[in-house]
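Hints in hand, dock the two standalone chains.
Protein sequences appear in the order of chains A and B.
Under the working numbering, the first sequence is numbered contiguously, ending at residue 261.
Under the working numbering, the second sequence is numbered contiguously, ending at residue 257.
If you are wondering where the hints come from, they were derived from the structure by calculation, not from laboratory data.
Only a predicted model underlies this, so the values are computations on that prediction, with no experimental measurement involved.
Be careful, since some hints might not be right.
Residues from chain A shown here face chain B by an in silico Cβ test under 8 Å; the list is partial [claimed, not checked]:
#, residue
1, Ala56
2, Pro76
3, Ser86
4, Thr88
5, Phe90
6, Lys106
7, Trp107
8, Arg149
Note that the Cβ used here is the ideal one computed from N, Cα and C, for glycine as well.
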Amino acid sequence: MSRLSIDGVARTFPGVRGGPPTEALQPTTLAVGDNDFITILGPSGCGKSTLLRIVAGLDSPTAGRVLLDGAPVSGPGADRGMVFQSYTLFPWLTVRQNICFGLREKWMPVAQQSEIAAHYIAKVGLAGFEHHYPKMLSGGMQQRTAIARALANDPKILLLDEPFGALDNQTRGLMQELLLSIWESERKTVLFVTHDIEEAIFVANRIAVMTARPGRVKAEVAVTLAHPRHYTIKTSPQFSDLKRRLTEEIRSEALKVATLA
Amino acid sequence: MTPLKPVSPGHKLALGLGFFVLFVAAWSVATFGGFVSKTFLADPLTMVREGYALFADHGFARDVGITIWRVVGGFVLAAIFAVPLGIAMGAYKPIEAFFEPFVSFARYLPASAFIPLLILWAGIGETQKLLVIFIGSFFQIVLMVAVTVGSTRRDLVEAAYTLGANARGVVRRVLLPSSAPAIAESLRLVLGWAWTYVIVAELIGASSGIGHMITDSQALLNTGQIIFGIILIGIIGLISDFLFKWANRTLFAWANE
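Same shape as in the complex, but just chain B (with noise of 0.2 Å):
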């Protein structure tokens, strides 16, 4: 192996296959095997079927469905209010003095810590769920975003003063555009992060969702269950990563090599 060397896209394809199957195979060897009791890890066959038993008996494609929209509904709620906040905070730098020191202070508080308070504030309804998310992704996204607003390229903005651009023409035409790439770009990783947010605000206080879900069967030792639906997030995980980056890479072509 050279460094840096790129690899084909065959061959990339390939290796990345590869560890799935791999892993799917250490864990048949293992559990088929009989080398881990079947109470503590339910074997490959089982947790297909008993995921097939959660969407034909159980309605499971509801609580997906309502995991999906908490998720979705926390992240844009908290998008909404943390990007124009980060990027005043960005391009202002004594807006970014007020609230910086809290916003890093507030980003350490882990989410999943405010669930008691929240139920009590908020109940265990869907506010009390979209609150988690919104919590635990708004300071995330406000202090990303402030970091790439003010790290914009100093040389394009005195270009555009000496074009004739004011302040504010600076924000809208230099500002957010050279930064809307890398915004786009920590909203998809903070999306990442919301989706384990969310499975802990199911775990507590919940009658639905794909936490509720696994809760529901850890009492019924169902360990295929538990793990279909840890195995749905990360594909559903997936399928959300990869429409945003071709989203992003779509809109914002003219930052691709």
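Bound-form chain A, shown alone (with noise of 0.2 Å):
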């Protein structure tokens, strides 16, 4: 049985000022399973970010339901994490806190909030950063906590909306060895949105190729490469045939806008 399957949600928002309205996400399905690493891959403006925020409860579907372990997802909760590509911590609490955010919303007693935070900490490679305010953090250090933060939750899902986007291409890459090896060691289920071809095979098992806006899941790849992943596997032929294939179907599909604009 699948961890969260996607069922047939579609997105339309309403027109502004009298205008026609926007159709962000066609109706939309897809099955996550446990502990499958998704990513779902789709050129910009195609929808994606809004499904995802859709299955963390931030947005509502027009049509179609989100179901997490058989059950209807209504709101926002603590059974899916989520790392936002704009910087979140919250600037007046410390890594440490930030790390706690969700610990305390739970009522969890402190020792044992330190002892899941400590484990975070380390996990991301901040020790030594706990009593740092986000504002003296790099963006890459923001992000790292900002996932610690979700996974001390111990979500059912891990929802990451483009984490890295905002990342230099070696501080992204150092990022995406990072996420692969917590997530192998930790066997996390995960849905990962990008529109960088790249990152959506160095990390996923499955690729979600989503078609321009209005989105819908146009093709769903798998990724055989084996486990663990090192950064070198980016160079061999089974990742750059995966790579040609897929720069194809977003290119045809980045085109559509492209010659619509």
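Structure follows, in structure tokens:
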């Protein structure tokens, strides 16, 4: 049985000032199995973030439904952890307090909170920065803290909305490796949205390719690269083949948007 | 000069003091040089002498104390009621829709115009003085706090929801802490305005306070005392402002550059 099922989810935004409504997402269906790592790959503006926000419960679908372990999702909750593209650490809390935010919300005993925080701080390589405020951290460190904050809550599924989009290339590569190593050791169920083809292949077990706006899942591509994955895999023939194929898929979608505009 | 280029702390202090020196110099030239009649404007030395006399012979310290008490009392009273209402309005849109039009209207009612009415209602005692400051501060604080809370970063609110916070948790653990520095800054500004209201309140129907001293001095044509009173208000204002800024910096270290 799948952990998360997205069942005919569509989203249309009402027209602005009497204009025609905008269809952001066509009815989309996707099943995410337990311990799956799925990337949703699509050109910008294809509604992939909208889809993720609906799964998170931050937006409501105009049609269809989202089921988590068989129960319909009606709003945001701690069972779906989310990492955003923008830096969303609470600036008035230290790294450690940020990571404990969800645990405090559950009234977990402080000793247990500290234990969990220490575990994830070590995991994302932020030992020694526990008492730093977000403004003292680099973008990469802030996103690592955000990942730790989401994981500390022990969600059933981790949702990532282009979490490394604002980072420079080198940092992004390192963050992908970090995320992958965390997934390899913790076996979380992950849904990861990105427009970066290489990123989508490197971290995922399966890639859902989306069409241009209004988006829907156009193809599902399995990634059979063995684990643990090393960054050198990015230059392997198998990786290159996948990349070539996905580049074609995405390019034809991007072209549609470019010629329409 | 290059736009937006910072100035060194030493230069900043020298420039800031420079204007004060220039100001007193111009005042001295105007008065000691005989360009302005002594009846209309006292010279700096007379002002200082009169100020000393006020404290030494007329028990002015008590007036100063009373004025400070009125400002702080009225301001704190206004803040106690206005801050929670502003937070509620900023957080909950129906509450805002209910109060905002009236508060926006009431904000433009000049506090000083209420003085005759307040004297009728509350007499010329302390209650009336506090009410003037309360009316002058309350609506301003409500609106500024509501705007601050209402402009909380939406992505932080969403992050809190995905971490399992409920509506109350979002107010308590996101809206409040993220707005706190700006709320404190609004309070600092309004405290400055409260000083202008208290003097107006003391000009009419008061028997004590700095404003009362100023009206008395006007009757005696003692411009030295009047100017001393005005400058003293400025100095007290400057000190309270400095304390407020210092407290904000210390309390909200996370928000500073």
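Interface hint for proline 76 of chain A, Cβ within 8 Å of any Cβ on chain B: Holds: closest Cβ of chain B sits about 4 Å from proline 76 of chain A, inside 8 Å.
Restraint outcome when phenylalanine 90 of chain A is required to lie within 8 Å of chain B by C-beta distance: Check passed: Cβ of phenylalanine 90 of chain A comes within 6 Å of chain B, closer than 8 Å.
Interface hint status, arginine 149 of chain A versus chain B (Cβ within 8 Å): Nearest chain B Cβ about 7 Å off; hint holds.
Evaluation of the interface hint that places alanine 56 of chain A against chain B, nearest CB under 8 Å: holds (6 Å)
Residue hint tryptophan 107 of chain A, partner chain B, criterion CB-CB below 8 Å: Given a least distance of 11 Å, the restraint on tryptophan 107 of chain A is violated.
Status of the hint placing serine 86 of chain A at chain B (closest C-beta pair under 8 Å): holds (5 Å)
Restraint outcome when threonine 88 of chain A is required to lie within 8 Å of chain B by C-beta distance: holds (4 Å)
Chain B contact restraint on lysine 106 of chain A - CB to CB distance below 8 Å: holds (7 Å)
Hint check: a violation occurs at hint 7 only; the rest are consistent with the structure.
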